[in-house]
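There are 2 protein chains.
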Amino acid sequence: MRTEIRLSGRGGQGLILAGIVLAEACGVYEEKEVVQTQSYGPEARGGASRAEVVISDQKIRYPRAYDPDILVALSQPAFDRFAPQMKKEGLIFADESNVHTDRKDVILIPFSDTARTEIGREVVANIVMLGALSATTRIVELQSLKQAVQHRMRKVFHEMNLAALDAGFKLGTRIWKKRSC
Amino acid sequence: MRTEIRLSGRGGQGLILAGIVLAEACGVYEEKEVVQTQSYGPEARGGASRAEVVISDQKIRYPRAYDPDILVALSQPAFDRFAPQMKKEGLIFADESNVHTDRKDVILIPFSDTARTEIGREVVANIVMLGALSATTRIVELQSLKQAVQHRMRKVFHEMNLAALDAGFKLGTRIWKKRSC
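For the record, the sequence lines run as chains A and B. Sequence positions in the first sequence follow numbering that gives the first Met the number 0 and run 0 to 180. Sequence positions in the second sequence follow numbering that gives the first Met the number 0 and run 0 to 180.
Be aware that a few hints might be false.
Unchecked claim - Below, computed lysine-lysine pairings styled on DSBU-like, alpha-carbon distance capped at 35 Å:
1. A:87 <-> A:58
2. A:169 <-> A:154
3. A:87 <-> A:177
4. B:177 <-> A:58
5. B:176 <-> A:169
6. B:103 <-> B:154
7. B:87 <-> B:58
8. B:176 <-> B:87
9. B:154 <-> A:154
10. A:154 <-> A:176
11. B:169 <-> B:103
12. A:86 <-> A:103
13. A:154 <-> B:87
14. B:87 <-> B:177
15. A:86 <-> B:58
16. B:86 <-> B:58
17. B:87 <-> A:87
18. A:58 <-> A:154
19. A:103 <-> A:87
20. A:58 <-> B:86
21. B:58 <-> B:169
22. B:87 <-> B:103
23. B:154 <-> B:176
24. B:58 <-> A:58
Unchecked claim - Chain B is faced by these chain A residues, among others (derived, beta-carbon under 7 Å):
25. 26
26. 34
27. 36
Worth flagging that the hints you see were computed from the coordinates, not collected in a lab. C-beta atoms are modelled at their ideal positions from N, C-alpha and C, and glycine is treated no differently.
So that you can see chain A by itself, here it is in the shape it has in the complex (with noise of 0.2 Å):
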């Protein structure tokens, strides 16, 4: 069981630490196999930047995401660029507010906006999307993310970020009930 995950967006949106807190949150807290890997060259230099997280259960031998089953886009470069590098069975979120799209199949989802108004900062939208995640796959537990939060950030910003991983993780649920109806 091996699940590849691709974070995207533009430099400032957090990913790297997005990707940083969920490898920490699978790999110390459940126990399982993660590679996290950042990647910069000519690509990179264009715009969209990305942090990518393998989980497996076993031991990993290539740690890319070559055919990522879970894309999360929170720009719009980001979300051109990779998006039509998905698999058709592969689940796509997109950052409501950044992205426009006229694909059925992607699943647009408030982060910046929820980030924004319920915690007051829209810097913390990359950990809403964690949260979020959270609720709409089973790649990782939100207690073990609150975790990896407390482990890898100073003390002063847990409570936001703790407060963000609550707000995503609503959020998530939310609308994955919405489209399971």
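Following the hints, complete the assembly by docking chain B onto the known chain A.
What follows is chain B alone, placed relative to chain A:
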């Protein structure tokens, strides 16, 4: 031309952050191909934490450091675990106060002592280490590290970390000269 670097130590020594800063310095400000990786698994839970950076002038097919050219060890368990895996011509840098060894080929550098005495915060030993790496190896320019620190960290931390880079660079230059005489 491919260079593999393994940064190792214990949790809390900021090795992932150091890996990201180094990767961004080379990949964004020096336009090389770079992949930065952290792995979590039964091994990682054993206590020795690590971040890996692979730098190349060509597309990187295999992103893990399977045969590192450079090892940095900031803790004894990390040194004991990773130093024996190094090839003969590899460079090993270890923290002078945290690592004890009889091996003459290991380059002991007071990263944490310098961080504590010159910057007043041992927590920036990881950044002192990057400055020293820039002085002792040709993998990255000090200026690129400074740009990456400024881009990657919040403004309130810039002054301290830029000073840590400078202190590390001076330290590396001094030690390198001493060894070369």
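Hint check results:
A threshold of 35 Å between alpha carbons decides the hint, and for residue 87 (chain A) with residue 58 (chain A) the separation of about 26 Å falls inside it, so the pair holds. Of the pairs offered as hints, the one joining residue 169 (chain A) and residue 154 (chain A) holds, with about 24 Å between alpha carbons and a cut-off of 35 Å not exceeded. Restraint check for residue 87 (chain A) and residue 177 (chain A): satisfied, since their Cα atoms lie roughly 22 Å apart, inside the 35 Å limit. Note on residue 177 (chain B) and residue 58 (chain A): the hinted pairing is violated, with a Cα-Cα distance of about 43 Å set against a maximum of 35 Å.
Proximity of residue 176 (chain B) to residue 169 (chain A) is assessed by CA-CA distance (about 59 Å); at most 35 Å being required, the pair is judged violated. Note on residue 103 (chain B) and residue 154 (chain B): the hinted pairing is violated, with a Cα-Cα distance of about 40 Å set against a maximum of 35 Å. The straight-line distance between the Cα atoms of residue 87 (chain B) and residue 58 (chain B) is roughly 26 Å, inside the 35 Å bound, and the hint therefore holds. Pair hint residue 176 (chain B) plus residue 87 (chain B) holds up; C-alpha atoms about 22 Å apart against a cutoff of 35 Å.
A C-alpha spacing of about 18 Å is found between residue 154 (chain B) and residue 154 (chain A), which places the hinted pair at or below 35 Å, so the restraint holds. Among the hinted pairs, residue 154 (chain A) with residue 176 (chain A) is consistent with the structure: their alpha-carbon atoms are about 34 Å apart, no more than 35 Å. A C-alpha spacing of about 22 Å is found between residue 169 (chain B) and residue 103 (chain B), which places the hinted pair at or below 35 Å, so the restraint holds. Between residue 86 (chain A) and residue 103 (chain A) the alpha-carbon distance is near 15 Å, which keeps this suggested pair within the 35 Å criterion.
For the hint pairing residue 154 (chain A) with residue 87 (chain B), the CA-to-CA distance comes to about 42 Å; that exceeds 35 Å, so the pair is violated. At most 35 Å may separate the alpha-carbon atoms for a hinted pair to count; residue 87 (chain B) and residue 177 (chain B) meet this at roughly 22 Å. In summary, the hint linking residue 86 (chain A) to residue 58 (chain B) is supported, as the alpha carbons are separated by about 24 Å, within the 35 Å threshold. Restraint check for residue 86 (chain B) and residue 58 (chain B): the C-alpha separation of about 24 Å stays at or below 35 Å, so the hint holds.
Proximity of residue 87 (chain B) to residue 87 (chain A) is assessed by CA-CA distance (about 48 Å); at most 35 Å being required, the pair is judged violated. Our distance criterion of 35 Å between C-alpha atoms is met by residue 58 (chain A) and residue 154 (chain A), whose separation comes to about 33 Å. Among the hinted pairs, residue 103 (chain A) with residue 87 (chain A) is consistent with the structure: their alpha-carbon atoms are about 12 Å apart, no more than 35 Å. For the hint pairing residue 58 (chain A) with residue 86 (chain B), the CA-to-CA distance comes to about 24 Å; that is within 35 Å, so the pair holds.
The hinted pair formed by residue 58 (chain B) and residue 169 (chain B) meets the criterion: a straight-line CA distance of about 33 Å does not exceed 35 Å. The straight-line distance between the Cα atoms of residue 87 (chain B) and residue 103 (chain B) is roughly 12 Å, inside the 35 Å bound, and the hint therefore holds. Taking the CA atoms of residue 154 (chain B) and residue 176 (chain B), the gap is near 34 Å; set against the 35 Å cutoff, the hint holds. The hinted pair formed by residue 58 (chain B) and residue 58 (chain A) meets the criterion: a straight-line CA distance of about 24 Å does not exceed 35 Å.
Hint status for residue 26 (chain A): holds, given a least beta-carbon distance of 2 Å to chain B, under 7 Å. The interface hint given for residue 34 (chain A) is met, as the beta carbon of that residue sits about 5 Å from the closest beta carbon of chain B, less than 7 Å. This hint holds: residue 36 (chain A) has a C-beta 5 Å from the nearest C-beta of chain B, less than the 7 Å allowed.
Consistency with the previously given hints fails for numbers 4, 5, 6, 13, 17, ordered from lowest to highest.
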